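Residue strings, one per chain:
Number of protein chains: 2
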Amino acid sequence: MRDVAVIGIGMTKFGELWTMSIRDMFVQAALDAIKDAKVDHIDSMYVGTMSSGLFVGQEHIGAVMADYLGMTPIPASRVESACASGGVSFRQAFLEVASGHSDIVLAGGVEKMTDGADVTEALATAADQEYEVYQGVTFPGLYAMIANAHMNEFGTTREQLAHVSVKNHKNGSKNPNAQFRSPVTLEQVMKSTLVADPLRLLDCSPVSDGAACVILCPLEMAKKITNHPVKVIASAQASDTIALHSRESFTTLNAVKHAAEKAYKQANLTPNKIQFAEVHDCFSIAEIVVTEDLGFFGKGKGGQAVEKGLTSLEGKIPINTSGGLKSKGHPVGATGIAQIIEVYEQLTNQAGDRQIKNAKVGLAQNMGGSGASCLIHILEAV
Amino acid sequence: MRDVAVIGIGMTKFGELWTMSIRDMFVQAALDAIKDAKVDHIDSMYVGTMSSGLFVGQEHIGAVMADYLGMTPIPASRVESACASGGVSFRQAFLEVASGHSDIVLAGGVEKMTDGADVTEALATAADQEYEVYQGVTFPGLYAMIANAHMNEFGTTREQLAHVSVKNHKNGSKNPNAQFRSPVTLEQVMKSTLVADPLRLLDCSPVSDGAACVILCPLEMAKKITNHPVKVIASAQASDTIALHSRESFTTLNAVKHAAEKAYKQANLTPNKIQFAEVHDCFSIAEIVVTEDLGFFGKGKGGQAVEKGLTSLEGKIPINTSGGLKSKGHPVGATGIAQIIEVYEQLTNQAGDRQIKNAKVGLAQNMGGSGASCLIHILEAV
Chain A
11 MRDVAVIGIG
21 MTKFGELWTM
31 SIRDMFVQAA
41 LDAIKDAKVD
51 HIDSMYVGTM
61 SSGLFVGQEH
71 IGAVMADYLG
81 MTPIPASRVE
91 SACASGGVSF
101 RQAFLEVASG
111 HSDIVLAGGV
121 EKMTDGADVT
131 EALATAADQE
141 YEVYQGVTFP
151 GLYAMIANAH
161 MNEFGTTREQ
171 LAHVSVKNHK
181 NGSKNPNAQF
191 RSPVTLEQVM
201 KSTLVADPLR
211 LLDCSPVSDG
221 AACVILCPLE
231 MAKKITNHPV
241 KVIASAQASD
251 TIALHSRESF
261 TTLNAVKHAA
271 EKAYKQANLT
281 PNKIQFAEVH
291 DCFSIAEIVV
301 TEDLGFFGKG
311 KGGQAVEKGL
321 TSLEGKIPIN
331 TSGGLKSKGH
341 PVGATGIAQI
351 IEVYEQLTNQ
361 AGDRQIKNAK
371 VGLAQNMGGS
381 GASCLIHILE
391 AV
Chain B
11 MRDVAVIGIG
21 MTKFGELWTM
31 SIRDMFVQAA
41 LDAIKDAKVD
51 HIDSMYVGTM
61 SSGLFVGQEH
71 IGAVMADYLG
81 MTPIPASRVE
91 SACASGGVSF
101 RQAFLEVASG
111 HSDIVLAGGV
121 EKMTDGADVT
131 EALATAADQE
141 YEVYQGVTFP
151 GLYAMIANAH
161 MNEFGTTREQ
171 LAHVSVKNHK
181 NGSKNPNAQF
191 RSPVTLEQVM
201 KSTLVADPLR
211 LLDCSPVSDG
221 AACVILCPLE
231 MAKKITNHPV
241 KVIASAQASD
251 TIALHSRESF
261 TTLNAVKHAA
271 EKAYKQANLT
281 PNKIQFAEVH
291 DCFSIAEIVV
301 TEDLGFFGKG
311 KGGQAVEKGL
321 TSLEGKIPIN
331 TSGGLKSKGH
341 PVGATGIAQI
351 IEVYEQLTNQ
361 AGDRQIKNAK
371 VGLAQNMGGS
381 GASCLIHILE
391 AV
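So the sequence lines, in the order shown, correspond to chains A and B.
By the count of the working numbering, the first sequence reaches residue 392 at its end, each step adding exactly one.
By the count of the working numbering, the second sequence reaches residue 392 at its end, each step adding exactly one.
For the record, the hints were derived by calculation from the structure and aren't laboratory data.
Every value quoted in this text rests on a predicted model; they were computed, and no experiment measured them.
Some hints here could point you the wrong way.
No copy is singled out in the list; a pair is fine if it fits within one copy or between any two copies.
[Claimed, not checked] Below, in silico cross-link-like pairs of lysine to aspartate or glutamate (EDC-like), each with a Cα-Cα straight-line distance of 20 Å or less: (1) Lys180 - Glu324; (2) Lys272 - Asp113; (3) Lys23 - Asp34; (4) Lys326 - Asp125; (5) Lys311 - Asp125; (6) Lys267 - Asp53; (7) Lys45 - Asp34; (8) Lys275 - Asp113; (9) Lys241 - Asp13.
Construct all of the structure, not just a fragment, from the sequences and the given hints.
The following block contains the structure:
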């Protein structure tokens, strides 16, 4: 396999983008990424989208985007693993470049969620339709069960959950592309509307529109194009049971553990060498569980870690410097790519007010459903 | 890139499978393929599905299938390019094995279309929703426009269109997995219900349920497992404008031409070296246009070719020996893989009553929408 690098990024602001269609958003992000990469063409492209069929009545979104980009006849495919669709898009582009089949590949993600579809119902198609959703549970309920189990098993507190949101809103306030740029207080989170006990409105990532794209190429080529290539040192993916009730434990996400194990092995490093990470905080509890399963903290210690500030911008291992899904927004198909973009910006010293010092190695963890899919990528400045 | 081979196949019968869910179908096809390949595990898997969200309310189908197969935590992703989703699945598995990242990869496709969704509306999401479908046109109408243009430009006759269906039903009558195993006469096709002038009911592929899976591995490994490995000598993909009205011509499918050019170059051969092919006959006219754009016949000569019997089982270049989409059935996500299975069966002398003699090199051409996506794979017995 050839070494692969990221050489360009582009994304829309995340939010309620009433004036932009799914095509407009993707084209803007893709053209920005191509411009940023300083390439004059792309060989092929992937589009991560969870459910453009249910959200906007348009499947076949790979060809749609190649067309609207003016890039036909290049190969263009849509990939999907629910909210991890962006991560899958990045992985397929990585594999295609690594194989030697193509040199310059665009990995993108997009979702248009505010055009009138029943968002909770559409998102619920990422859970087990036959055995979970038909019984009436949707994602806030599933993650609430995880939260209750974690609180019961490890003494994680309601306040610790709130600390995740407070930290991520603080980070997001420094991100020009974030949907919510207002800090929130612990009290505001604790008093926000109850959604699914113990999760409240400010524990939940929002409904968002947005697109994000990156350009990958062989590392050797990247070194000729840019002075700051970012190498992909691990691409790992794992699956777990689609239904939460099929798992041995509600408080460990096996797909995260398996993918992390593979990623660390590929990158030949241990979790303590990761300087910062973007993780999939679709709900506050998710960030706590994931930071444990990635090996950053012991099992059951994730709540204490965020409370102590270990994951803040100035902490031992900053988590979700972008603001995370909570504050930056969560256009589901775009999220996995937006995470890569944050890692890239940190590694290339472009993260502005949220820049962490001497960033050399960062991780992006993207998740589908209640953890039935997990994609982990580790990037290194070279 | 490593050489890649197909070493096992499995598929359900295609048809109205009332007793099987989308999970049941995929699991049966996947287990049959794994058994046929004589492997004890798979490293990862792809599932091609056009619109499980709209058809059965279930996205995240990669993880669902890994779970129901009992294969977690392997990586499992869904891929989609409308009716070419199966072709994309095969291509991604090919690239993953070729890269060296994985050794044994399952490429599958599935669609459950008879569970109550509005099939024509769901399929129409593969066309340009904003500029075609909102104006009232769906796929029979789009392919009818192609047929009218072809008849007008080249003198293709209504009878020639019917010959495609007659031939494919004849072939399908010899295929135990085909949805329709009854031959039809020219008169029956010509007198069948008018759908979109000039296309009649028996010009149209049916609504089907079904799943198909194949196993890929490095050629060197394949040689140790089986005495009849089938090598993938080309994998090519191309895109075209999503809307028919954006194209210079209605009678040439540019994505097919571009993908064919790349495929022949990769395989280092000319169209006349292809002994037989499975092509995407979603409507009778599609087979005629595609056999021209693949270079088997001159532009405008496809209708005469089928009328003269050049594409019959005993002809110069048998087309759709399986019965094609018309007679075998068209569960859209599964079709691209089922085409590969037919080519594999022919190359390994397992095609029974429809076996062609001395089959060494075959081609599979899978298409999405009105030709906005095209996947071409060429396989060779080694």
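Handout entry: Structure versus earlier hints - violations, ascending order
Key = When the structure is compared with the hints, numbers 4 and 5 turn out to be violated.
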